[in-house]
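On the provided structure of chain A, position chains B, C and D as indicated by the hints.
Protein chains: 4
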Amino acid sequence: MIKIGIVGGTGYTGVELLRILATHPHAQLTAITSRKEDGVPVSQMYPSLRGRVDLCFSSPDKADLNQCDVVFFATPHGVAMAQAPELLANGVKVIDLAADFRMQDVAQFEKWYGMEHSCKDLLSEAVYGLPELNREQIKKARLIGNPGCYPTTMQLGFAPLLKAGLIDADRLIADCKSGVSGAGRKAEIGILFSETSDSFKAYGVAGHRHTPETIEQLQRISAEKVDLLFTPHLVPMIRGMHSTLYAQLKDSAMALTNEELQKLFEDAYRDEAFVDVMPFGSHPETRSTRASNILRIALHRPSNGRTVVILVVQDNLVKGASGQAVQCMNLMFGLDETTGLNHVPINP
Amino acid sequence: MIKIGIVGGTGYTGVELLRILATHPHAQLTAITSRKEDGVPVSQMYPSLRGRVDLCFSSPDKADLNQCDVVFFATPHGVAMAQAPELLANGVKVIDLAADFRMQDVAQFEKWYGMEHSCKDLLSEAVYGLPELNREQIKKARLIGNPGCYPTTMQLGFAPLLKAGLIDADRLIADCKSGVSGAGRKAEIGILFSETSDSFKAYGVAGHRHTPETIEQLQRISAEKVDLLFTPHLVPMIRGMHSTLYAQLKDSAMALTNEELQKLFEDAYRDEAFVDVMPFGSHPETRSTRASNILRIALHRPSNGRTVVILVVQDNLVKGASGQAVQCMNLMFGLDETTGLNHVPINP
Amino acid sequence: MIKIGIVGGTGYTGVELLRILATHPHAQLTAITSRKEDGVPVSQMYPSLRGRVDLCFSSPDKADLNQCDVVFFATPHGVAMAQAPELLANGVKVIDLAADFRMQDVAQFEKWYGMEHSCKDLLSEAVYGLPELNREQIKKARLIGNPGCYPTTMQLGFAPLLKAGLIDADRLIADCKSGVSGAGRKAEIGILFSETSDSFKAYGVAGHRHTPETIEQLQRISAEKVDLLFTPHLVPMIRGMHSTLYAQLKDSAMALTNEELQKLFEDAYRDEAFVDVMPFGSHPETRSTRASNILRIALHRPSNGRTVVILVVQDNLVKGASGQAVQCMNLMFGLDETTGLNHVPINP
Amino acid sequence: MIKIGIVGGTGYTGVELLRILATHPHAQLTAITSRKEDGVPVSQMYPSLRGRVDLCFSSPDKADLNQCDVVFFATPHGVAMAQAPELLANGVKVIDLAADFRMQDVAQFEKWYGMEHSCKDLLSEAVYGLPELNREQIKKARLIGNPGCYPTTMQLGFAPLLKAGLIDADRLIADCKSGVSGAGRKAEIGILFSETSDSFKAYGVAGHRHTPETIEQLQRISAEKVDLLFTPHLVPMIRGMHSTLYAQLKDSAMALTNEELQKLFEDAYRDEAFVDVMPFGSHPETRSTRASNILRIALHRPSNGRTVVILVVQDNLVKGASGQAVQCMNLMFGLDETTGLNHVPINP
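Quick note, the sequences are listed as chains A, B, C and D, same order. Letter by letter, the first sequence follows residues 4 to 351 in the working numbering. Letter by letter, the second sequence follows residues 4 to 351 in the working numbering. Letter by letter, the third sequence follows residues 4 to 351 in the working numbering. Letter by letter, the fourth sequence follows residues 4 to 351 in the working numbering.
So here's chain A without its partners, still in its complex pose:
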């Protein structure tokens, strides 16, 4: 059994880790910290876990995370970088669901997250936890920067085309839509039911933290300079993310048939348990991934055929966060990658 610690288990990615790990056959939940909820049973705060998780939250001071095999950070940005060095020194693996170890470019990190990076030494060994693009490194990693929810969809959607050099790398447009749980479990007016229900809006159009993260990763697989216009929107639904990606085919690629385009994606993801390439022209719904680790992709090529429209859906809390983190953990501990992640999406 893998002894598991969770730092900051009161948010949505924390409770989603608990949901997944509660039935993971090799997971032994050992400690879950929350300064504010010290001593409170997890199942009191989350009645959905009554009878399934017996732990109490404990103050970070009291929890002995050093005895864990792996610690997940489901915390605000900045927490993991402060605690990771000691844990790693004690032989504990670390998976950070926040942004501390996602970006190699410190300047970009500090600009977008408004804080100094206190743990630059570890960045070079930190591995970006997107298994479909980075599997071998994850297997050997001690320290994972788990991808952001939006970047997961953008990378898996653009990657096959970028790798093949078929599209203008500097004209990528991603029009993305997220459920409200992506904003976290915070006491803020802006995400109240009465403020978000029965309405729709864009936000952060001038710039969003997930842009530099995505560009950094896409640049690794593109021979040409990547540029990305990313527009996030808020959808009145709890879970779910839908990215509508627009890629301009190069003149030299205009002869590509739709069948060849489709095959490119099917080949890219043929062996992936958690990426489903749907038939050409499909319209995936976010609910077809609800509460599961699957991500679905469908291709379109409307109008004059110059623009490839890639539709990508996932559950932002699973493949977009906690499920992906467990997928990484499975790889890091030599387990089958799908262990504990076989949830069938909830429909309706």
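Simulated from the structure, these hints should not be mistaken for laboratory data. The reader is advised that the hints may include incorrect statements.
Given that identical chains are not distinguished, each listed pair holds provided it fits within a single copy or across any two copies.
Computed cross-link-like contacts, DSBU-like style, restricted to lysine-lysine with a CA-CA straight-line distance of at most 30 Å [stated by the list, open to error]:
(1) Lys6 x Lys143
(2) Lys253 x Lys166
(3) Lys123 x Lys6
(4) Lys189 x Lys39
(5) Lys253 x Lys228
Chains B, C and D alone, transformed into the frame defined by chain A:
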């Protein structure tokens, strides 16, 4: 492996059966019928099942249900009664999720369902599939009438008090609220998004089919004449059911303390895997049961203490329908009752 | 023109007052206070009012409310009682949308609201602002305690039966359901979209502030001792309130026909512009009142006929709060009661 | 008073016309037809109109529409073209909310709507009913093709840039999102609450009828060849439309400052009562237009400044349909354009 057939698998209870059975370790999905969708892959109609269910729908004429070990009917009322005799004669067990075998009182059935009962002979051996009240009979049954969603909450909520003879059996009030999926997957104006979202209403206040079903069952455990006022309401949510039950304590029971009341329920359900008696005074949310087979109960005794208010929540498609049916199947085939039903509720 | 001040205009009842008064032909918005938003244009906080309301919020210290003809308090409980004496002394009328002047029983107020009442002297002249039951007093009032949202539905639903002495006054049950906007515009986890959407729950079952308010008012019209069991619930919708009321007919009233029952209500509300008695057996939807000042009632008498079920719907922010307050204002200033309140409900 | 007929008043644009016209000071509702609901009071089908609209639906055969001053067609495509000639011959003006008279290009119409156009003669005099771009023609028109909901947002969003020749006219991208009411009031599985709530999807990505309509209109104001990639999506909300428009600045326009860009739009719409240009960088929410005829626009220019992102929101049933139709009617009858259209948006 248990060879399983599903008749009428295109509705919500059908697809929920598929979701549950897809990861049930002893289930082998063998046939699923739909006259209209003959030849269509199940996963084409329900993309949430892509990669998880390989079957195609087949016309009832072609499907050889007689080779199954058990057949579930996820059909409109009246279908199971037509096909059950042949299946039973061939040694196939039958679990009907509709109303054909729920009520022993044929006159009541025919009045409320507006059809003649064509299979009265089998009624006497049909077992009402509520394991918490009927477990031993279910184990031996060949033919199950799976309870309605509302009746499950009303019975498990009132039963301990009625059995103990503490309340006026003829003054029961059940003010119940259901998510829209309870109305099924039908092309009807009244359950469109634009008709039901951001609104709330009662329906069927003058009389609802679940009243006679519930009274018949409650009468079996009550020494006194049962009468029930049942008011169903429609909530703008997909899944979930919340029943607010009002029971008047007899004068002779007014001395009962809240602790004794609480203990009565805890004792009644102590060994039940799928009934959770929450601390006295709790306010269970339907989402704490979402997509799982758990039903939660909480007790209140406001104001002058004469009325016990029992709050009961469940997922109407799981404990209120398909999960309960699989729970019955497990009992009928000698499996652990919880096999394949350990889903942790989805939150948020 | 009536010069109008609003204290605390940043909450939902405040912005709803603004929406209504923006097109009221006799209203002149003069001052709107918010300590926190001093100097901020109202339309910046509420873009829905761009081009419709030109005021800025001003700090309470700066706003000269004494020059107003009437001041509405859309504030937390306790604010109006502190400021009302000075305003009244300056000839300004006061309408409090909070609870400070709703209850004559100071002990009950202090018990349920957890604060000392600092303005007991004015209670005797304060008028409970429910026009349908209190019109003549409202016309002459200087100081109005505007009713709570739930109490409005419970009073208008039970009143005809209680006045006629037909029901057991001490066995009233009100099972009520409210949209989330009823909880106000507060930064609280419990009313986040991700916490309340796609779910349903009861709250405050052990006791709620609206119980003593309602009992005090109902007692005024009942010859017998009133007792009330009130169970509030939270519905995943923004606006709307649905009260399901259960009243037990006295033995002496069992001979009443349904037609007589219906006539009792139709007679009671025949001349009321904002109370709609629907045909016997109707199922009113909350959306049929959305964004309007109408309240609809429908009667049922199921099962053995002993219990009258009264369904009452309204928009909690209009007839349940700000619309009712404007209705009172119209009466206090000698205007037609419906002035500025002729909004047709929004459907769908 | 203007005598008004409505053909097909049972759908969402029909009932929205009724809501608006019920308080329009110059409107006299004279006839409303529905073959299926002949004789049924409008307020029985739509309780929101109880006490506000006294008409009954009448069969098209019985209704004497020729005595009306204007007839609105809130019908499926193809109905207006069959009845318009007779009405016009009798001096009745016609406003079609469907597509029959939107497009001058008959071949495109027949391709996208799958029917022959039976009334080609009238096309040349039909006026496209978008007042902000077409006001003078509307004033003189007898026959209006009222714009589609999506096209309204796309045209008003792209128009100032296209007119000024600042952007690549053949690389327009419109990523648009609509509430479910846009799909109409039809008994279809795909728009059930349980199918659309808590989910998000694109649809019609390969091609949508609103593309040729929009291109035809934009071409009229563009000196260069227009091409448009339009991707519609379905949002789990009742009303509201949000279009995210992407326009590529020409190299020659890259020197444009954001202030100049903003001024371009402010100048374009300065005198428009129903177009609100918000401050540069705003994020308009659909709810800020709910149930009103306002359309709001906000500009962004993220990243390298090459792409202008134009955010446009409206209520799809008002400015996107019935409100716009009444705006046209006002112009056609010499009324102030805003008559009867001063509804303040509903918030929350």
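**Study point:** Hints not upheld, ascending by number
**Key:** none
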